[in-house]
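Participant: When we follow numbering that gives the first Met the number 0, the leftmost residue of the sequence shown carries the number 0, and every step to the right adds one.
One should not assume that every hint holds.
[Unchecked claim] Straight-line C-alpha distance at most 25 Å; calculated SDA-like pairs for lysine to any residue:
1) Lys52 with Leu103
2) Lys36 with Ile107
3) Lys81 with Leu103
4) Lys82 with His71
5) Lys81 with Tyr97
6) Lys81 with Thr16
7) Lys82 with Leu31
8) Lys81 with Gly100
9) Lys52 with Thr104
Read the hints as simulated data drawn from the structure, not as lab findings.
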Amino acid sequence: MDQQTSGQHSQPSNAPTADLSNNLPYWNPALLGQLEKLRALILDGNNYTSHIKFPYMPSVTTVYINKNKLNHLPVFVEEIQKKFPNINMMNNEAAPSYFNGGSLTQHIDYRLELSSFFTSNRLWLIVGNHRSRVQVDY
C-alpha cells in the first residue's frame, strides 16, 4: 500500500492521520484496514451514504465524515458505533443543523437520537444534559 498506483493516492502505513476528503473516485474505505497506526480519518465531502462499510480499524479513534450523503442515522450508526469512539458528521442530512437547513428542534432531536445509540460519553456532539433526556424521549 505504500506504493502509489495509477489513479490512487498513497498513504504511509504509519501515518497518524489520513485526510481523504474529496477523494471518492480514488479511495475505497475497505483499503483503510491496512493502515495499522492510523488514529484519525478524515472523509469529508466524499458523497458517502449511510450504507458505507468500514473495515475493523482498532487504532482509529476519530472519524470525520462531514459533508457527505448520510441520510439514515440508524443504518449509519449501526455500522460505526462499535468501530469508532469519536465521530463528527456535521452537514449531513442525517445530522440536521443550521449548516444544512435544519431547525434547532431537529438538531436537538438528532442529538438525542444519536446519543441513544452510544453508551460512551465520548461522542462529540452530545453536550450538557441531553444524555439524561434520552431515556425519556428514546
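Participant: Evaluate each hint against the coordinates.
Facilitator: Each hint, compared with the structure:
1. Of the supplied pair hints, the one linking Lys52 and Leu103 is violated, its CA atoms being roughly 30 Å apart against a limit of 25 Å.
2. Taken as a hint, the Lys36 and Ile107 pair is broken in the structure, with Cα atoms around 35 Å apart against an allowance of 25 Å.
3. Using a Cα cut-off of 25 Å, the hinted pair Lys81 and Leu103 is violated, with the two alpha carbons roughly 28 Å apart.
4. At roughly 18 Å between alpha-carbon atoms, Lys82 and His71 fall within 25 Å of each other, so this suggested pair holds.
5. The suggested pairing of Lys81 with Tyr97 is violated, with an alpha-carbon distance near 28 Å, which exceeds 25 Å.
6. Restraint check: the Cα-Cα separation between Lys81 and Thr16 comes to about 20 Å, which is no more than 25 Å; the hinted pair holds.
7. In summary, the hint linking Lys82 to Leu31 is supported, as the alpha carbons are separated by about 13 Å, within the 25 Å threshold.
8. Taking the CA atoms of Lys81 and Gly100, the gap is about 29 Å. The hint is violated against a cut of 25 Å.
9. Our distance criterion of 25 Å between C-alpha atoms is broken by Lys52 and Thr104, whose separation comes to about 30 Å.
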